[in-house]
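Visitor: Add chain U to chain S, keeping to what the hints say.
In order, the protein sequence lines correspond to chains S and U. Here the first sequence stands for residues 0 to 400, where the numbers follow numbering that gives the first Met the number 0. Here the second sequence stands for residues 0 to 400, where the numbers follow numbering that gives the first Met the number 0.
Treat each hint with caution, since some may be false.
Heads up, the list lumps identical chains together, so a pair's fine if it works in one copy or across two of them.
[Stated by the list, open to error] Here are the simulated DSBU-like pairs of lysine-lysine, each with C-alpha atoms no more than 30 Å apart in a straight line:
id: 1; residue 1: K241; residue 2: K187
id: 2; residue 1: K356; residue 2: K19
id: 3; residue 1: K107; residue 2: K88
id: 4; residue 1: K232; residue 2: K356
id: 5; residue 1: K88; residue 2: K336
id: 6; residue 1: K47; residue 2: K88
id: 7; residue 1: K241; residue 2: K356
id: 8; residue 1: K47; residue 2: K19
id: 9; residue 1: K188; residue 2: K47
id: 10; residue 1: K16; residue 2: K206
id: 11; residue 1: K23; residue 2: K47
id: 12; residue 1: K316; residue 2: K26
id: 13; residue 1: K16; residue 2: K47
id: 14; residue 1: K336; residue 2: K310
id: 15; residue 1: K17; residue 2: K323
id: 16; residue 1: K19; residue 2: K119
Rather than coming from a laboratory, the hints here were simulated on the basis of the structure.
Below are the chains, spelled out letter by letter.
Protein chains: 2
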Amino acid sequence: MNTIVMKFGGTSVAGTKKLKNIAKIVKSELENSKIIVVVSAMAGETNKLQNYLDEFQCQNSIESDLVLTSGEQVTIGLLSAALKNLGIKSIPLLGWQIPIITDESYEKAKILQINKKRIKEYFSNNDVIVLAGFQGINLDGKITSLGRGGSDTTAVAIASAIEAERCDIYTDVEGVFTTDPNIEINAKKIPKLSYEEMLEMSSTGAKVLHTRSVELAMKNNLTLQVLSSLTKKTGTFILNEKELIEKEIVSGVSYSNNEAKVTISGILDKPGISAKIFGLMTENNINVDMIVQNISQDGVSANITFTINQKDHDLTKSVIERSKNILNYKSLLLDKKVAKISVIGMGMMSQVGVAEKMFKTLAKNAINILAISTSEIKISVLIDEVHTNIAVKSLHEVYNL
Amino acid sequence: MNTIVMKFGGTSVAGTKKLKNIAKIVKSELENSKIIVVVSAMAGETNKLQNYLDEFQCQNSIESDLVLTSGEQVTIGLLSAALKNLGIKSIPLLGWQIPIITDESYEKAKILQINKKRIKEYFSNNDVIVLAGFQGINLDGKITSLGRGGSDTTAVAIASAIEAERCDIYTDVEGVFTTDPNIEINAKKIPKLSYEEMLEMSSTGAKVLHTRSVELAMKNNLTLQVLSSLTKKTGTFILNEKELIEKEIVSGVSYSNNEAKVTISGILDKPGISAKIFGLMTENNINVDMIVQNISQDGVSANITFTINQKDHDLTKSVIERSKNILNYKSLLLDKKVAKISVIGMGMMSQVGVAEKMFKTLAKNAINILAISTSEIKISVLIDEVHTNIAVKSLHEVYNL
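This is chain S alone, in the form it adopts within the complex:
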């Protein structure tokens, strides 16, 4: 018999009505499969708990993970009750009851091992296992949490462990779209995507799936489906590149407003100066994305521009200001009003004209490019934030999405 893993996030489980609806969705999938349903805490619950923790300056500890993992205990109990009310043989399980063994790192634990045998035992008496997402237990017997997107990670990890046929990630959207439908009304649902494309989409702003769970699925060659818990429509399948027979060159356009641009001007252009700057960033756990370096017109000093996540704005400012003597620069400028626009597609960079088309389109719309970065399947540009919508819409059109 096949097994399907279905995952429902916080907005899908917020309230008893929604939980009853999920029970019906699960029932409709039961005919040919055993099912593991992975659920998050109700939306809002985790924020409430996080606020408590903030009041105690409590983080990355036994305590914080105990508090943060209490919400799923409620949703698995209620969902299993709803399933039983529909006559389904169901059992609710916490992470430690499988167990899902993780390493020691609280609030960002990594899964080390999952007891498959126990899952098979539970399936001998039950048709559905309702499993708490986001949580595990370390070798010291303490509860750990998996960090952001943790329930997706649980679902993909358990699906990989038991070699499930598929892992369905239910959200409040119908799948992965060619771009954000809030900006471009003509955005279309993408039927199939490769893992690599999904990874680029996630890391460039599409908030449907966390990169961590996509990476894990790719590693285990597990087919994912992103779909809506509100409609009954087929969603977007994310799978191995080889299974994608017909493919558009460009799959989608994504954007992110979470960027900040940092410009350090008037640095003496000596060897090692970049290493110094980016060494400082690494020391302070600041992720740097796009980097542009120019020699200034005097031929002696240089300017360096790079992007960071907006949340690191204040930290970056103080780190660089503190190091003014070492870096020996003239001025520092930070700008939050920037956006990153990305065009993503498998094998795109080997196709002539994809990048050219992007730059031409932006130029035609009088949008200045502040920085560029590329990978095998992605071109990202940094632009002024005010141009976000027109950039997304015009690129979506020019690539026939």
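Guide: Relative to chain S, chain U alone:
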């Protein structure tokens, strides 16, 4: 080194401010002892969870106990964080992490065994263990809850298991009073009480402690203290009768408005009729308290009056009405507007005049006695509910409390 167990209920842990206050109280007790703090869920939390469960008609199951025990996970995490912020070595633990082994019966599990060795191990690195009350784990590895007053039970059970010096039950009152201070302004805190007296007080209306935890303390000869988490005053000690050297004859006056009176009139007074009636009550899990049987004036038929808990009013009515043919009675009367007033004191019944004084006092105040029941250390009378206050006040005065 001594160990003290301290228990804080729902109103004492509702909110981060109160939890920080508890951390200070715990710190003040740390000088000479290791401490186990047992906490409940925040007040209000359990009601919210119970409402969820009601929506799914979910009770006495794996699911209901998973949901109901999620609240303590939050409070133990936060309290342990607050203790660490005060520089105290603390560890938060759930029931299954000790483990506290219980039987199988969800929502009313009984504790079978507590792993003392594990507690000692935790104390080798920590000065305080913050333990989730109300919960355990059954031999099948599923979380169970201990039912009403469950956190008191956890505290007393763990204190008994490790032979703690004392178990302090913190509440929102300063101890056990000679009667309800809301009715009688002159009510005084009782310094010491025997287990038996406390049991009678609990079962006759004083809501400070559940009978189950008092029984368990008595069985293990464990000294309890009931005290307030808001003041620093010594509370009421509950201990072995032998340790009570000087004793008032009457310790307190308690009352309960949760009674209902049932009168069945015009029954043929044949042998076995009482057995039939009370057999019916037992079959339907209805507790009967006071019983009065009178032969009526015709010398043939009888009237039976007894009291039940108000929650069983409707059930009792329908059970007796359904059995009209078997019981062959004339009329059935149920009355919710009654109150039970109890006078409690160790060895009271062997003292001449205690009962007489009670009946005289009530008569002087023109209060009719509807039924009487007695035990070695208690006299209870049933009266019309409107007389509750005057009965309590006058009895409190006449026994010099």
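Visitor: If the cut is 30 Å between Cα atoms, do K17 and K323 qualify within a copy, between copies, both or neither?
Guide: For K17 and K323, neither the intra-copy (55 Å) nor the inter-copy (46 Å) Cα distance is at most 30 Å.
Visitor: Pop the pair K16 and K47 into one bin, within, between, both or neither, using alpha-carbon distances up to 30 Å.
Guide: both (21 Å within a copy, 15 Å between copies)
Visitor: Taking 30 Å as the upper bound on the Cα-Cα distance, should K188 and K47 be classified as within, between, both, or neither?
Guide: Answer is neither: 34 Å inside a copy and 39 Å across each miss the 30 Å cutoff.
Visitor: Is it within, between, both, or neither for K88 and K336, if the alpha carbons may be no more than 30 Å apart?
Guide: neither (53 Å within a copy, 46 Å between copies)
Visitor: Between K19 and K119, at a C-alpha cutoff of 30 Å, which is it: within one copy, between copies, both, or neither?
Guide: within (26 Å within a copy, 45 Å between copies)
Visitor: Check K16 against K206 for me: Cα-Cα at most 30 Å, and say if that holds within a copy, between copies, both or neither.
Guide: within (25 Å within a copy, 36 Å between copies)
Visitor: Should K336 paired with K310 be assigned to within, between, both, or neither, using CA atoms and 30 Å as the limit?
Guide: within (13 Å within a copy, 64 Å between copies)
Visitor: Give the relationship of K47 and K88 under a CA distance limit of 30 Å: within one copy only, between copies only, both, or neither.
Guide: Between copies, since 26 Å is at most 30 Å while 33 Å is not.
Visitor: Can you give me the call for K356 and K19, within, between, both or neither, at a CA distance of at most 30 Å?
Guide: Neither, since 49 Å and 61 Å both go past 30 Å.
Visitor: Treating 30 Å as the Cα threshold, decide for K316 and K26: within, between, both or neither.
Guide: neither (53 Å within a copy, 41 Å between copies)
Visitor: Are the CA atoms of K232 and K356 at most 30 Å apart within a copy, between copies, both, or neither?
Guide: neither (34 Å within a copy, 80 Å between copies)
Visitor: Within a copy, between copies, both or neither: where do K23 and K47 come within 30 Å Cα-Cα?
Guide: both (29 Å within a copy, 24 Å between copies)
Going through the hint list in order, the structure does not satisfy hints 2, 4, 5, 9, 12, 15.
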